[in-house]
Amino acid sequence: EAEVAQSPRYKITEKSQAVAFWCDPISGHATLYWYRQILGQGPELLVQFQDESVVDDSQLPKDRFSAERLKGVDSTLKIQPAELGDSAMYLCASSSPGGEQFFGPGTRLTVL
Amino acid sequence: SQQGEEDPQALSIQEGENATMNCSYKTSINNLQWYRQNSGRGLVHLILIRSNEREKHSGRLRVTLDTSKKSSSLLITASRAADTASYFCATDEGTGGFKTIFGAGTRLFVKA
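Read top to bottom, the protein sequences are chains A and B. Note that the first sequence covers residues -16 to 95 in the numbering used here. Note that the second sequence covers residues 255 to 366 in the numbering used here.
Please note that the accuracy of each hint is not assured.
What the hints assert, rightly or not - The calculated lysine-lysine pairs, modelled on DSS-like cross-linking and capped at a C-alpha distance of 25 Å, are:
#1 B:280 / B:324
#2 B:353 / A:54
#3 B:323 / B:310
#4 A:61 / B:353
#5 B:365 / B:324
#6 A:61 / A:45
#7 A:-6 / A:45
#8 A:61 / A:-6
#9 B:353 / A:45
Unchecked claim - Which chain B residues stay away from chain A? Per the calculated CB distances, all over 12 Å, these:
#10 272
#11 276
#12 308
#13 309
#14 325
#15 335
None of these hints come from the bench; they were simulated from the model. Think of the CB as a built atom: it goes at the ideal place given N, C-alpha and C, for glycine as much as any other residue.
Given these sequences and hints, build the entire structure.
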């Protein structure tokens, strides 16, 4: 069964360092999402792609976060510099437009 | 801010009992989805109900949607210990695209 792949699964970094997360969506899914989930809360949408274009990044802290999906397939989310408050689970999901979302296992980020 | 608000925040029941979780939202939606998340894992899609539907079933799950009250409920019948998880509702707003907003979730604990 097709799955959304994410790496790394866990990342520990010191504040002010740069980190990057990678996501490979299910083949054929045009829509890709990055979410941030703080412990005890629901996922918060950071950025949504339709193919290679960003359709929503209103909640992305653009001073330190960036996301790209250059060929409309896999995607990278970067944080530079990382801050203590960035510690969270970063989830990637993909879907057909308007359809159910399939989530990856997530990357748990700890910033020391 | 999160669109969906689940109620209750936490629920503890005995195996075999039914569990009901509610979700309220604020604006017009295209559809509403329910997801399950086991501790520290990614989210799993359960059911999608469209704004013109009132009820939907999937196995032991029953979802209702009342657009006049801007609310939905998820009923899990004959619960099992394996149903222990967090349950989230997510709404899709149709302002030029699909933006998914999750609530904070209901934490369900089913005692064997």
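Hints, verified against the model:
no.	hint	in the structure
1	B:280 / B:324	holds, 7 Å
2	B:353 / A:54	holds, 22 Å
3	B:323 / B:310	holds, 17 Å
4	A:61 / B:353	holds, 21 Å
5	B:365 / B:324	violated, 31 Å
6	A:61 / A:45	holds, 10 Å
7	A:-6 / A:45	holds, 21 Å
8	A:61 / A:-6	holds, 13 Å
9	B:353 / A:45	holds, 19 Å
10	272	holds, 23 Å
11	276	holds, 15 Å
12	308	holds, 19 Å
13	309	holds, 18 Å
14	325	holds, 17 Å
15	335	holds, 22 Å
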